[in-house]
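**Student:** This is what each chain is made of:
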Amino acid sequence: MADLLIELFSEEIPARMQARAGEDLKKRMTDGLVEAGLTYAGAHALSTPRRLTLAIEGLLDHSPTVREERKGPKVGAPDKAIEGFLRGAGLSRDQLEERETPKGAVYFALIEKPGRPAAEIIAEVLEDTIRNFPWPKSMRWGAGSLRWVRPLHSVLCLLSTDDGSEVVPLDIDGIKAGDSTCGHRFMAPARVSVTGFDDYAAKLKRAFVVLDPTERQEAILQDATNQAFASGLEVVDDRGLLAEVAGLVEWPVVLMGSIDAEFLDLPPEVLQTSMKEHQKFFSVRNPKSGRIEKFITVANRETADNGATILAGNQKVLSARLADAKFFWENDLRIAKSEVGMEGWLQSLGNVTFHNKLGTQAARIDRIAALAREIAPVVGADAELAQQAAKVAKADLSSEMVYEFPELQGLMGRYYAEAAGLPQEVANACQQHYSPLGPGDDVPSEPVSVAVALADKIDTLTGFWAIDEKPTGSKDPYALRRAALGVIRLVLENDVRVSLRDVLSKGYDGADLENLLSFFHDRLKVFLRDQGVRHDVIDACIAMDGNDDLTLLVKRARALEDFMKSEDGENLLQGFKRANNILAQAEENDGVEYSYGADKKFIEDAAEAALFDALAAGEGAISSAIEAEDFAAAMGGMAALRAPLDAFFEAVQVNSDNQVVRRNRLNLLSQIRKVCGQVADFSRIEG
Amino acid sequence: MTETTAPRSFQEIILRLQTYWAAKGCAILQPYDMEVGAGTFHPGTTLRSLGSKAWAAAYVQPSRRPTDGRYGENPNRLQHYYQYQVLIKPSPPDLQALYLGSLQAIGIDMDLHDIRFVEDDWESPTLGAWGLGWEVWCDGMEVSQFTYFQQVGGHDCHPVSGELTYGLERLAMYVLGVDHVMDMPFNDPQSPSPLTYGDIFKQTEEEYARWNFDVANTDVLLRHFEEAEAECAAILAQEPLDPKTGKRIIMAHPAYDQCIKASHIFNLLDARGVISVTERQAYIGRVRALAKQCADAFVQTEAGGFNAESAA
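Those protein sequence lines, which keep their order, are chains B and A. Each residue of the first sequence is one higher than the last, beginning at 1 in the numbering used here. Each residue of the second sequence is one higher than the last, beginning at 1 in the numbering used here.
Each hint should be verified, as a subset may be incorrect.
What the hints assert, rightly or not - The list that follows gives simulated cross-link-like pairs (lysine-lysine, DSSO-like), each with its CA atoms no further than 27 Å apart:
no.: 1; chain 1: A; residue 1: Lys292; chain 2: B; residue 2: Lys316
no.: 2; chain 1: B; residue 1: Lys137; chain 2: A; residue 2: Lys292
no.: 3; chain 1: A; residue 1: Lys292; chain 2: B; residue 2: Lys326
Unchecked claim - One side only, chain B facing chain A, incomplete, derived with CB under 7 Å:
no.: 4; residue: Pro14
no.: 5; residue: Asn132
no.: 6; residue: Trp141
no.: 7; residue: Ala143
no.: 8; residue: Ala299
no.: 9; residue: Arg301
no.: 10; residue: Gly313
no.: 11; residue: Asn314
Said to hold, decoys possible - What the simulated footprint calls covered on chain B by chain A, stretch by stretch (three residues with Cβ under 8 Å from a Cβ of chain A suffice, anywhere in the stretch; the number is not a length):
no.: 12; region: 147-155
no.: 13; region: 393-399
Hints listed in this document are in silico derivations from the structure and should not be mistaken for laboratory results. Small disclaimer: the values here were computed from a predicted structure and weren't measured. Yeah, the Cβ is synthetic: ideal placement off N, Cα and C, and Gly gets one too.
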């Protein structure tokens, strides 16, 4: 058994790529080794900004010898056939074995592939891995042709057994594998030789490199939390930033600094965004006031002055950034509070193209405002307010703050609308109308926000449908799937009852509404499937009238889903299918549709009579339950049909010789079809 | 680490960079004598990064970004500023170390500061160029761009050039501890006639900001753009063989001058606010087309690696 240590040492790897690259290195190496016959006990990958490291334990030191037997041509076959077989097997004629088989004497080739030493295989697999590494973006450097994420400087490749360690010989475009690496770029840049993973990790730690990204993250988080706590403050949680920052340092040193008092009145989101986006700082909050008062930066080194120079520099850069932010904030507020207010921003949106076929942002806002007014009554919002909210909801796109920090759109709108003294519902709509942005995002519930959110998304969808820019395959540049899912969630979670077809028809002119509606149905299927509703159950409900009332559609689907999970449901479906098949066949043969209803006087059998009575009793109840949208009750009514239907098929032969009786039975079955058809299209349900 | 004294002025920082890179073997070029948006536009970078011949050059390039004008009031935004540019082809294996040496040369003590290489891929849509690299941070401030050119003018770079771009004002303000660019000492503050950056550039920033934003004649500019574009094409349409001298003379540089001109005129039109969002892309595409044609022409010249004998 052997242990393998690999380190690929390069110039700084982008933080966002490190973790994935570590895993790719592990997968490609272990897959390649196993394929060549080298199994192993365990493997783990680590990464820092300058290195990808892979440690494999319990690796075979030789690949096993492989024996293969191949059956060849018959003895006495033409020479050509035998020569071809020999070429394929890589053997000579005297190495073949003759064996008797039921079909006569046949040549057999016994091919033995001797095992190979691990080092040889590792060198091949590693070279292949490096040359074909799946970086999201890679580059060349100098005069070479090798590609890596940034220039690759050295390869450490060490195979250790009980007898000691040996460098795996490898030369890839002049980079020779060795047994050494470098420490921290500034604190311990000298090369150090290592004998195995433990020695490597220990020596790197002494050379100011924490190899394990998780360990770096934990160290940063703990130190940051402690420093904040010591000042009675708390770090604003941001896992994404933590992972990124841990990918920018090999030796994390946490430093906490103050934000100049003149910036403390900026909205906390502005402070946070500015610090995070530009500086990769964590925000530190006062838990009592909720205000952000300090920042935490993570340096990549210790210094003789305990980071004083570094902190002072960072503080200065931050002040310059926040001075900009404050300038934007104050300018924007002044405009929002002025006579023109947010209306002024709307005018400049007349110069901003939304899409060259769909006009300017201003034109789009006008459409959304008109649509929001239409939708308002449906969602219980005041039409005036909804229209007003839609008008100003995107005005902040012209503000300087949103120009600088696009991710603050909506939120700044809320601040500015509040400053402008607009009604709170309007201000809230500015922020909420973009939601829901993703499956995890909350859905607005305030009526005005719901109206604007729906209008915004429907204008987008009908607009892009009208200019035929629908999503195709994996391409959805305008995030139309997300918009449709947003509409679905807004409708369902707010229990909105509306004909989607009607609403869509009030959107952008010229969209193929039926096509758009079926796009909605597709999105709805994906959405419900994620919640465990079967796709055929949804199909059975989409096939019904009123399928553009999504709330009704989903209510029906959920009731049907529950019903189909019950034994009654399962059996009734079988009965329905049987009835339907018999009917369909008879109707095709006879060229008529059996839909007159059965007549009691032609009934011969008791089971037939029982079904007749059950239908007579159930039909009305089921209809009125459907009418009342009480799908559970309708399903209950259906369940009551199951036993009589089963008994009917048990006892009765539909295709009686007596044509009158036969027709009457077919008409009885057609009543089953009709009753079931009120609930859902059962023919679409599988099983 | 060797100890370096702190520089005292903007110009001292420039002079130290010149001395440093000269000592590292770069040819110290002079600024290109045309209006450009960045040091990359200097033919010493754009054209010389193409072809197989080795190259090493460093220079200061005055750069103009009309939309960044703030009448000299913003502490660090200017419509005219200086970039320091280094281009070495092929990129040497120790380019990062060479770069860090240059920071030390201008007085940044590596033992006290936190230098980081943060992912930043560079792309110039107008030059049809891109590369991978970083922005270099010193204590959280971006002090340079560091790029390995992969493609320029639509041509793959073989070998690859390493490009370093220092934003001189910002870097110098940091090193000198100055908060407003106009307060920065340009020459030695102890000299008989000390001059600040503002003494030299405050007035010009005002003048140009007014002209860039409100006065520049857009009809004239639009016409100049068209003319530069046409002239570029006309130059490149000439036969390589010069009838007067009988020599093969492809006029890649004069054509590229027209490309630079078109690019700057586009920037001026942009500052005047007469280019709509949709037109913007079209203009950028037109300049890129010129840059590509110039690159195509340059690689047919001797400096671009064209070898008449092997081609014959």
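**Student:** Hints first: check each against the structure and report whether it holds.
**Tutor:** Checked hints:
Pair hint Lys292 of chain A plus Lys316 of chain B does not hold up; C-alpha atoms about 42 Å apart against a cutoff of 27 Å. Note on Lys137 of chain B and Lys292 of chain A: the hinted pairing holds, with a Cα-Cα distance of about 23 Å set against a maximum of 27 Å. Distance restraint check for Lys292 of chain A and Lys326 of chain B: the Cα-Cα separation of roughly 42 Å exceeds the 27 Å cut-off, and the hinted pair is therefore not satisfied. Hint status for Pro14 of chain B: holds, given a least beta-carbon distance of 4 Å to chain A, under 7 Å.
At a threshold of 7 Å, the smallest CB-CB gap from Asn132 of chain B to chain A is about 18 Å, leaving the interface hint violated. For Trp141 of chain B, the shortest C-beta to C-beta distance to chain A is roughly 5 Å, which falls under 7 Å, so the interface hint holds. Of the supplied interface hints, the one on Ala143 of chain B holds, with its beta-carbon coming within about 4 Å of a beta-carbon of chain A, less than 7 Å. A least Cβ separation of about 4 Å between Ala299 of chain B and chain A falls short of the 7 Å threshold, and the interface hint therefore holds.
Because the smallest distance between the Cβ of Arg301 of chain B and any Cβ of chain A comes to about 6 Å, under 7 Å, the interface hint for this residue holds. Taking 7 Å as the C-beta cut-off, the interface hint given for Gly313 of chain B holds, the closest approach to chain A being about 3 Å. About 4 Å separates the beta-carbon of Asn314 of chain B from the nearest beta-carbon of chain A, less than 7 Å, and the hint is met. A count of 4 residues in the region 147-155 of chain B with a Cβ less than 8 Å from any Cβ of chain A is obtained; the coverage claim is therefore met, three being the minimum.
Residues of the region 393-399 of chain B with a Cβ under 8 Å from some Cβ of chain A number 0, which does not satisfy the need for three, so the listed coverage is violated.
Comparing the model with each earlier hint shows violations of hints 1, 3, 5, 13; every other hint is respected.
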